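Undergrad: Chain by chain, the residues:
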Amino acid sequence: MSIKGKAYVMGAFEHPTREAPDKSTPQLHAECMRGALADAGLKKDDIDGYFCAGDAPGFGAMSMADYLGLRNLRHMDSTETGGSSYLLHVGHAAEAIAAGKCSVALITLAGKPLTENRGGPGGGRGGPPRGFGTAPEAAFEMPYGGTTHNQYAMCATRHMHEFGTTSEQLAWIKVAASHHAQHNPHALLREVVTVEDVLASPMIATPLHRMDCCVITDGGGALLVTSPEVARQLKRPLVKVIGAGEAPKGTYGGKVDLTYSGAVWSGPKAFAEAGIKPSDIKYASIYDSFTITVLMQIEDLGFCEKGQGGKFVADGNLISGVGKLPFNTDGGGLCNNHPTNRGGITKVIEAVRQLRGEAHPKVQVKNCDLAIAHGTGGSLGTRHGAATVIMERE
Amino acid sequence: MSEPKPAPAARRISPPAVSVETEKFWQAAAAGKLLYGFCLACHEPHYYPRSFCPFCFSERVEWREASGNATVYSYSIMYRSQTGPYTIAYVTLAEGPRVMTNLVDCDFKKIRIDAAAKLVWKPSEGGPPVPFFTLAP
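Top to bottom, those sequences are chains A and B. Residue numbering for the first sequence follows the numbering used here, starting at 1 and increasing by one per position. Residue numbering for the second sequence follows the numbering used here, starting at 1 and increasing by one per position.
Note that these hints are calculated values from the structure, not bench results. Treat the hints with caution; some may be incorrect.
[To be verified] Which chain A residues face chain B? A few, computed with CB under 10 angstroms, are given here:
#1 D66
#2 Y67
#3 T251
Predicted model only: the values in this text are computed from it and were never measured. Backbone N, C-alpha and C fix where the C-beta goes; we use that ideal spot for every residue, glycine too.
Using the sequences and the accompanying hints, generate a full structural model.
TA: Structure follows, in C-alpha cells:
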C-alpha cells in the first residue's frame, strides 16, 4: 500500500499572533484548531485523528485531546522530532487515512517562547517548563495528591458501588497472575498467593491493597514489526497483526464517568478489523497495573457484560488450563515485571509467545491461534490512552 | 512496646500554575469564590475551566460561581503517604460538573458515595488558595 493520492490537506491556518501574553499555550492550540476547521469548513466533532508534538502541554496527545474536547478520536500520534515533527505528522496522517484509521486528522502546534522568556504574568523565566506541570488540567488536579494508586482506586470504589464488585473478586486477578508467575523463572514474585493473602496485604489506597498493585521493576523489551515479505523470509512462526484500535478517554469538561475505560472504543474497532469476536480469543494479555484495571478492561473489551467483571474473574477463570480466559501467563505486571512503569510491550511479548507456542508448557494455551493484547496508559481515573492489538498465528 | 510514631508533617499543597486563561478563576479563589465555566451557546457547564466550551467549542463562555454544595462521586483514602493518610475524591457540584478534590477536615471512615459535601479553602504554598471539600454536617 502507498499513501500516494490517499490523503489531502484541506485545512491550513497560521495563527496571526506574534506575541501572546494574554493567551495560554493550550488556548493557542485551540485557536489554531478553530482556524483550520474554519478554513476547511469542518466541525470539531468531525476530527477523528489527532497529532501533536513536544510543544503540546501535558502528556502526549492525551491532555490536549481532553482539553480540546475531541470526543471522536480513533487515531493519535505524538511523534516528537523537534521542528520537523509536523511534517512527519502529515505523512503519518496520510498513512493512517490510507489504512482507514481516521478520516479527519488534526495536527496542531503552538507555543509562546517570546512571552515566556520575558517572564511576568503571561510567561515565566527560563523558557517553558515541560511535562505534567504545564498540562491544562495541572492546576486543577496536582494540588490533590493524585497518584496512579489512588486514581485507579477511585475507579474501584465506584465500580463496587455501582455493580457490587468485591475486594475478594479483585483479589482473584492477583491469584491467577501468581499461578502463572510460579512457572516464570524471571518473575519478580513467584510465590502463589491466595485471596486471603491479598486481602491481608497492607492497604495502599482504599479499596486497593498492596497485592492489588503491580510490581516496580527495571527492565525493558522490544518488538520488530515487518512486512509480509520480510516475515516469510524469517524462520520464526508467523504472528500476524489482524486488528488494532486506539482511543483516548478523558474527564470531558466535568462529565467524569469512572466505570469504563477507553477499551470500550479501542476494543470494538480492533475486533471489527480482525473480523472476530471476543469469544474467539484463546489468550488475552490485559494490562494489569492494578487488579481493577484488568477487571474493567475485560468488561470493556466484551469478554463479559458491564458490571459482571467481578463474577467473571472469580474462582480462577483467568488461570491457564483452569478458566475460560487465560490471561497474562508470564505473571503480568502484578507478579512478573513492569519495566519503566510501562507494561504495554510485555503484553505484546507474552501474546507472541502464546501464538508461537513458546510460552511455558505449564501455562501454554492449547491451539492458541488468536490472541489479544490490550493496554491502558496514563490514568484510568483521569485521562488515558487505550490500545488494543489482535494477532493471529498464520 | 514501640515508640509512638511522630505525627506526620502536614501535606504540602503545591501552588497551582496560574495561566492567563485561568487567572480569573484564581483571583476569585482568593476571594473565596469557586468558579466554573458556562457556555451561553449550548448551556453546558464545564470544569476545569477553559476559554471555550469543550462540548460545542463555542467561545461564548462565561464564569459562574458555584454554590459550594456537592455530593461525593467516588473517593480513595491514600495510605501510601509520608505525610499521613489523605482522601482524593471526585465530587459532583450542585451545578453539574464533577471535579477532582480532596475530602478534608472530616472522619474518613464516614465518607460514602453520594454523601453531601461542601466547599472549603486551603492555602497553597506561595500561591492562591485551592478549593477542597469536606463532609457537610
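Undergrad: Compare the structure with each hint and give your call.
TA: Consistency of the hints with the structure:
no.: 1; hint: D66; in the structure: holds, 8 angstroms
no.: 2; hint: Y67; in the structure: holds, 7 angstroms
no.: 3; hint: T251; in the structure: holds, 8 angstroms
The structure meets every hint from the earlier list without exception.
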